[in-house]
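Student: Could you build all of it, start to finish, from the sequences and the hints given here?
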Amino acid sequence: MEFHQNGTKTKPPETPLVNGTALTHLNSLFQTHFSANIDPSRTFVSKVKRLIVKVGTAVVTRSDGRLALGRIGALCEQLKELSSQGFEVILVTSGAVGLGRQRLRYRKLANSSFSDLQKPQGELDGKACAAVGQSSLMALYDTMFSQLDVTSSQLLVNDGFFRDAGFRKQLSDTVNALLDLRVIPIFNENDAVSTRKAPYEDSSGIFWDNDSLAGLLALELKADLLVLLSDVEGLYSGPPSDPNSKLIHTYVKEKHQGEITFGDKSRLGRGGMTAKVNAAVCAAHAGTVFHKDAHLWSNIKEESAREMAVSARVSSRRLQILKSEERSKILLAIADALEKNASAISLENEADVADAVTAGYENSLISRLTLKHEKISKLAKSVRMLAAMEEPIGQILKRTEIADKLILEKISCPLGVLLVIFESRPDALVQIAALAIRSGNGLLLKGGKEAQRSNAILHKVITSVIPNTVGDKLIGLVNSRDEIPYLLKLDDVIDLVVPRGSNKLVSQIKESTKIPVLGHAGNGICHVYVDKSANIDMAKQIIRDAKTDYPAACNAMETLLVHKDLSNNGGLNELVLELQREGVKLYGGPRASGLINIVGTSDFHHEYSSLACTVEIVEDVFDAINHIHEHGSAHTECIVTEDCEVAEAFLSQVDSAAVFHNASTRFCDGARFGLGAEVGISTSRIHARGPVGVEGLLTNRWILRGSGHVVNGDQGINYTYKELPLEA
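Residue numbers (this note's numbering): 1 to 728.
If you are wondering where the hints come from, they were derived from the structure by calculation, not from laboratory data.
Just so we're clear, the structure is a prediction, and the values are computed from it rather than from any experiment.
Just so you know, nobody snuck in bad clues.
Derived BS3-like pairs (lysine-lysine); straight-line CA-CA distance at most 30 Å:
1) LYS564 to LYS585
2) LYS222 to LYS49
3) LYS375 to LYS540
4) LYS323 to LYS378
5) LYS329 to LYS446
6) LYS540 to LYS585
7) LYS473 to LYS329
8) LYS504 to LYS585
9) LYS323 to LYS473
10) LYS473 to LYS489
11) LYS504 to LYS375
12) LYS460 to LYS381
13) LYS375 to LYS449
14) LYS489 to LYS514
15) LYS375 to LYS446
16) LYS410 to LYS514
17) LYS504 to LYS446
18) LYS449 to LYS514
19) LYS127 to LYS108
20) LYS446 to LYS473
21) LYS510 to LYS246
22) LYS460 to LYS375
23) LYS169 to LYS49
24) LYS169 to LYS127
Tutor: Encoded structure:
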């Protein structure tokens, strides 16, 4: 990247540069890019005062060459808003030549005879187009800014002016005076009198297009930030239309200079992404940053999303070729490391919890976030349980003799690379990592921001004991949520996405990726139905445990359904008193609220995640089943009854991932099911359902062993299809 000053080449400006698409709201760009992605203590963010915004021809015009009035109007509104917030705003605009060409073509058409139109039409002079279009473009900006009570000014420059030191000083003084008066200066190159022979082709001079003009002005006017708006998503490693191109979020010259393959220039202007990069700036939806100290930023040193995923796949293949006992040793080492570092883990977790309390988070979230010594010990125990499990990889699931000496085997194998996005439960990180290792999968993890310290220390402890023969990149920790959209595009590298969170999160991810998604239950609307034949003492014990053992868990009871007969024989009152003695706040459905004098609920489909639940009265088991299907989340349901026929009807007809008879819903858990741990509880009906352990992270492949067999139109081969006994 080079700029010219006084006729000589100089270094690019020390102004940080960022770009967003033409439809990106500039204020959103400031809030999201600068407050979320970059630490102000290490960068320029907190010092931004003066900014230059450059818009290209492709931004201010539509695909047919006409002005994009709505887009220009929105731009003016956003610039006005930035100005009102105290920013000093300078606009560099293109579009005059395109607008002038459009007007001159119309004028030429209006003044032409029919015979004139039959003659070949020559190309209009670019300088004449610039002269006509410039006044029209500025009139438009003046009109729009005037409607917003903003004053704008026009400054036309040529590259030769910048050879004059007196001109550069006067330019700076004029702009400073305008900004002091809250006037927005609007710059454009004066193509009408430019010394270049062809404005769209000649790249000679101190600056050669409005991209390089904007960069030069950033240097001369000492701007803090340069923003270029474009009609493409951002700077890619190749043409954006190429599916193999990847978005570059932050440009590091030493890393990216030789990696980028540029496509065509802008459809209308003379620039394009080549010009923007040459001006040390480029466009991106989330922002692509150029900065002289970019190589010093720690977040720039982190691997790109694709590199993380590819590294995880490479490491997973190394893991898979290890012997079963070697993989088990890794898990045992993780369990030991967790116990050895329990104090350090607790210290980081306590800091997360303290921040969550200060931030006023709900008690249910804080409960899930807390990681005490007892829980760490349980995690170590569950990891050891996984280590002791039968080897899941390479198991022969089926053997078939296709023909004589032609044997087909169906064998279990890992899925590949998993992306798990989980809520603020640091214990989930340990479970998921252990399951990935046991099943031979690579793993990318994105935890909730509330558990950032806890996740970081747990990831460090786990990866520190992974042997070099596998590599610690087997498990990658994604620190920024801004990486998620790009990760979701990596359907060629990531094989399964497991989102653990709200229904909204699961839905958003499903809509944003072509990668298969295994949705962990967003809501756990779990029901307990107490039938008329239930043992009331047993029922009280079950509902107490289902609600109070861990109220924040997704398998906790949220709705208690009671047979109508129990409202007449005192059974309902006993159940209600049992919950109230435990401090459970009760909300009633239409039938229950009036009968037992409790506050009515407005929504049966509500997950309290606390010491609260809904109570409703139903006619019978079939009414209970209908209620569950209408208001449940297909997670876990329980029936308490002594009538085996009623129990079987409930077990067979309730369409949920887990259905229990005379047992608490809290048993729906990977560890309690003997799975060692769980990635989550899936309410999907494809691939895996309920608690997802090792088996849910496996797929299969086919191995065919022959002796020179060929198809040859199926002639000369006798298919036997004989099932054979399984062999190790």
